[in-house]
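Q: Chains as they are written, first to last, in the working numbering: chain A, 1 to 230; chain B, 1001 to 1407.
Because the hints were derived from the structure by calculation, they are not lab data. It cannot be assumed that every hint is accurate.
Computed list of lysine-lysine pairs in DSSO-like fashion (alpha-carbon distance at most 27 Å, straight line) [claimed, not checked]:
(1) K1005(B) / K144(A)
(2) K105(A) / K1005(B)
(3) K1240(B) / K1223(B)
(4) K1209(B) / K1083(B)
(5) K193(A) / K7(A)
(6) K1401(B) / K71(A)
(7) K120(A) / K132(A)
(8) K7(A) / K1401(B)
(9) K7(A) / K71(A)
(10) K1083(B) / K1223(B)
(11) K120(A) / K1005(B)
(12) K1209(B) / K1073(B)
(13) K131(A) / K193(A)
(14) K131(A) / K105(A)
(15) K77(A) / K1401(B)
(16) K193(A) / K132(A)
(17) K144(A) / K1401(B)
(18) K131(A) / K1005(B)
Among chain A residues calculated to face chain B with C-beta under 7 Å, some are [as the list claims (entries may be wrong)]:
(19) N53
(20) L58
(21) D59
(22) S79
(23) S82
(24) R85
(25) R86
(26) F91
(27) Y96
(28) V101
(29) I111
(30) L113
(31) L114
A quick note: this is a predicted structure, and the numbers were derived from the prediction, not measured. The C-beta atom is built at its ideal place from N, Cα and C for all residues, glycine as well.
Okay, here's what each chain looks like letter by letter:
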Amino acid sequence: MPDEILKIQNVSKIYSTDGIEVHALRSLSLSIEEGEFTAIAGPSGSGKTTLLNIISGLDTPTSGQALLAGKPISTMKGSELSDFRRDHIGFIFQAYNLIPVLTVKENIEYIMLLQGIQEKERYSRVASILKKVGLDGMENRQPKQLSGGQQQRVAVARAMVSNPSIILADEPTANLDSNTGASLLDIMRDLNKSVGMTFVFSTHDTMIMERASRLVLLRDGEIVTDERRQ
Amino acid sequence: MILLKLAWRNVIRNTRRTVLSGLAIGITLACLIFIDGIYIGMIGSMIRTATDSLLGQGQIHADGFRDTIEVEKTIINVNNIIKSLGSEELLSGYTERTVSVAMLSSAAGVNSVMLYGIAPTTEKRMSMVDEAIQEGDYLSSETAGQILIGSKTAEILEVGTGDRLVLTVAQADTGQLSQDMFRVTGIFHMGMREVDSGMAFININQSRKLLSLGNATHEIALKFNSIDDAGDRSLTFWDKYSQSGNEALGWRDIVPQLDGVIELSDMSTVITSSLVFCIVAVIIIHTLFMSLYERMFEFGVLRAIGTRPASMALVIFFEAASLSLISIIFGLGLGLLVMKIFSVYGINYMGIEFASVTITEFIYPVMTLRQFTFFPALIFIFALVAAIYPAVFAARLTPAKAMQRSM
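Bound conformation, chain B alone (with noise of 0.2 Å):
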């Protein structure tokens, strides 16, 4: 097609502002890829910190517990609920834990805790407990009387492993106060304030006699095979596991904050997507302005010789869909190219505490079918819809005022 072909012409004629007009939406198309690909990242490496460090992709607890913490408070039919969650094919794992408020004391001070009764073994398939410890070792199955604090509780209450505490907490049935003595076997470093100072685990057996709980659970911990299923809360699952009195939560319920981090992300992204866009729309009009009045009287001889107003629109169309199709190439091999190098080397946050949730990992970019169709999709229409102005400009020439060098 002839007006297509004038329009390709057009546009590789003068190399120069091709490229720096392909570079620019290239460059900004790159950033907007990047930056995508980093939230993912950021957002999927604080679910993982937020989950695997302890609280689990979801949770099972009775109707009203997580909002008071009662000990009377226990997950309704257990027992049932351990068996049929044995044969969910979603899941991976889970656990059970009690909590309850607790007070650590030392001989040089007193430390309120979180206290969490933990199965030690398929506690170690659900959280990061085990990993954290600095000092000493992690609970055993068979050895009673241990304790695990964290490394801010062990500079409070001045101990280390091996140290004695007196544990007390408020028993289920009477609230009258029970205590007994545990020895440090290890501290854990989290790199989470609260966690460090405000949280210990013992043996879950140990915890039930303690709190007086006989068989009763408090919380369930959840592992999904995968982390999507666990933050969708369209999910059947929740509303099985949310009967009889009790509720199962995702993650997204559990940690609101990373959901409001994740619409911020989201939010973000729209941001940075109409800023690219806009930048997008300023460089094809400018280009085709500026090829537009260079060429004023080529124009002129084409609307002379018969072209119609409409077909010289269609050049201009085709012109911003040639020069976007250039930009996007460069973009994505560029953006391709910034991916790989950071998917390598990531960008280091951590430590930095963001909605409660501290980073505690490198942060890689991660690539996505959308960065790569999507968002070139759009710069494409986007260009198209910029083209409107200079193309309706074209359209409405007068060939004599055009030529007026001439004529």
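For reference, chain A alone in the conformation it holds in the complex (with noise of 0.2 Å):
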């Protein structure tokens, strides 16, 4: 029986702006398994975006809790919370995931560097990562030489290479070609399939939808459909 990752209990988040209250999330409560690969998806403002934040640390909610490898990520605060995110969780966002100033090689490391990972374990992680995700040999180039399908899988690279509990993508293909975009997924889902790595998407793209081993909708903060596949 695989293990319960990420536990959202009634979270709620209520966002005030000007007296006017918008309500993002209402008590919404959902379980992730170790090794599952769970697209949210929902139309825009159905809170997908406020729960991913909410999961990774990177927003508090206005009541509930959320608890990710069992420790309470929504309580956390300053260098705690960041040393946990930098433990935890491996984040894709939709674009702009990469230092413009770093090599491909020192991005990914980059994690690892803040972990204390002596040189010889990071040398042989990031060379294994590249290879994973079709980039070996591009360690040394700049972002700006990649292409946008590249640059997103030095993403996952990054996100991957330091062991994280659970890998949140926020819209990892919304500006990639279909082409490109299904590649990547590919790559993410033999990860997840090889590693048993845990992926959560926030998603509007179909191609990600149908890949999921679990699709869960989203519409004005709660969860309409909770759905599990093969």
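Each chain sits in its own coordinate frame; assemble them with the hints.
A: Structure below.
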């Protein structure tokens, strides 16, 4: 029986702007198990981004709590939260993932440097992950020398290399053409199957929804459907 | 260190902005170096003008003589003092003088002067009286009856070299008037009004006779091997010769307005430095914030993937340090170039009177170690201080707000 890696308990998020309240999430509860390839889908304003922010600790819920790897991420602060994100969460954003002044190798090993991993181990992991994402030989290139798809693959490599508990991807294929997007998704699906890495996507992309082993549909801050597939 | 690498590359990735900011800070540093050098040069020139022209770098008198110029107030135990001065290692020379109020009269008019009785040979090594002679000759040690007068005095009395004047003084012992006739042997022009119209020089032996002083002396002018010693009030030399009713004073006390000029220049340097550092702070803060706002999403990503708030602040500090180092290198180079150029050509302030001292030579900036070490160090430190505000801002960035474009 796979372990529960993420647990959202009755999480609500209310934004107040000029006296107007916006209920982004309404008492939402969700559990994600280790190794799941989950897509969180829904129309704009459904709360997908807010949910991902709360799961990753980038935002805090108005009520309820989020537990990641058994730890209450929604109540962590400062360096404790930064260190927890560093060690347990891999991020893949829609665009501008990479630090432009660092090379491919430096972007990938950045988190390992923060973790204090030794040089030999870092080099070994970087070489291995670059091979897995099909970018071996490109370690010294700058991000501006890569295509959009290649940059996203480096983002996947960076997210994976520190062996996080979960990888959160926010619209990772939004800026890619369908072929490149499909190729990227196949890499992530392979990593999910081979290594058992847990992926959670926030997405509009039907390609992701089709590949997902679990599809959670949000509307107006609530879960409408939660479908597990084989 | 990855954060240092990140900071350095961030600084050099926007070349235009870095060059412009570096130029701005560098130019202010070069200005500070130059202004400080010019002030030092100007002060040095004024001190030289004041001390080398006539005053000397130090003087010994009887207590109270400078206030009253009483003929009776001669230096106590002058022979012992002269003997002692002869073995002083600090000194490069000294000369004895008598000083008294006198009246010069010609057929055309009268003029009151301060009459100096000088020993021509030793006086030549101490002051610039001989160099200031425009017409005629300097005093001779052997020939009596010679007088040097200033150019303004010559105009007032309508005399030239070779003409006779009557000199009237009050004697020391009786207070009675004593007169003698002198021939104008030379006319000097020092470019200082009070000297050219208010001073005259005769042989000290003749002045002692005229004033009935015997072998007494009113003033011993001193010249030091180092002018810094002459300006050092804490030197034991002054106490040694300020005993038994005498006072020994350095130029700072003889010409206190000059000391005031030095204080003014020090204050000006402080004010100029403060303005420079304010400019540096504004440039640094502006540059860092511009850079920060341009990279807001990138900062959000760094925070999201696990960079601690303190590390974000450290990146900003490293960027400030990198920018200030580039600026300092440029500023030192420009400062050195400007100093070299003006050390050859100088600035012409000749004839300008400041604090009763007329500038008589071109002003050349003086290079000191402080300009090329202390000032750049201060700019570096100030840049780091200025970086505190953007660093705290960067540390407090919430990843979600910074990445609002994506999430």
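Q: Against each hint, give a clear statement of whether it holds in the structure.
A: Hint check:
1. K1005(B) / K144(A): Since the Cα atoms of K1005(B) and K144(A) sit roughly 18 Å apart, the hinted pair holds (cutoff 27 Å).
2. K105(A) / K1005(B): Status holds; Cα separation ~14 Å.
3. K1240(B) / K1223(B): Holds. K1240(B) to K1223(B) sits at ~16 Å (cutoff 27 Å).
4. K1209(B) / K1083(B): Satisfied, since the Cα-Cα distance of roughly 23 Å is no more than 27 Å.
5. K193(A) / K7(A): Cα-Cα ~22 Å, so holds.
6. K1401(B) / K71(A): OK: K1401(B) and K71(A) at ~24 Å, within 27 Å.
7. K120(A) / K132(A): With a Cα-Cα distance of about 19 Å, the restraint between K120(A) and K132(A) holds, given a limit of 27 Å.
8. K7(A) / K1401(B): Measuring from Cα to Cα gives roughly 24 Å; hence the hint holds.
9. K7(A) / K71(A): Holds, at about 10 Å.
10. K1083(B) / K1223(B): Holds, at about 16 Å.
11. K120(A) / K1005(B): holds (20 Å)
12. K1209(B) / K1073(B): holds (16 Å)
13. K131(A) / K193(A): holds (17 Å)
14. K131(A) / K105(A): holds (12 Å)
15. K77(A) / K1401(B): holds (16 Å)
16. K193(A) / K132(A): Answer holds: K193(A) to K132(A) is near 13 Å, not above 27 Å.
17. K144(A) / K1401(B): Within the cut-off at roughly 25 Å; holds.
18. K131(A) / K1005(B): holds (26 Å)
19. N53: Because about 5 Å separates N53(A) from the closest Cβ in chain B, which is inside the 7 Å limit, the hint holds.
20. L58: holds (4 Å)
21. D59: holds (5 Å)
22. S79: S79(A) check passes; min Cβ-Cβ to chain B is 5 Å, inside 7 Å.
23. S82: For S82(A), the interface hint holds, since the closest Cβ of chain B sits about 4 Å away, which is under 7 Å.
24. R85: holds (5 Å)
25. R86: holds (2 Å)
26. F91: Hint holds; F91(A) Cβ to chain B Cβ min 5 Å, cut 7 Å.
27. Y96: Holds: closest Cβ of chain B sits about 5 Å from Y96(A), inside 7 Å.
28. V101: Holds: closest Cβ of chain B sits about 4 Å from V101(A), inside 7 Å.
29. I111: Where the cut-off is 7 Å and the nearest Cβ of chain B is about 6 Å from I111(A), the hint holds.
30. L113: Where the cut-off is 7 Å and the nearest Cβ of chain B is about 5 Å from L113(A), the hint holds.
31. L114: holds (6 Å)
In the structure shown, no violation is registered for any of the earlier numbered hints.
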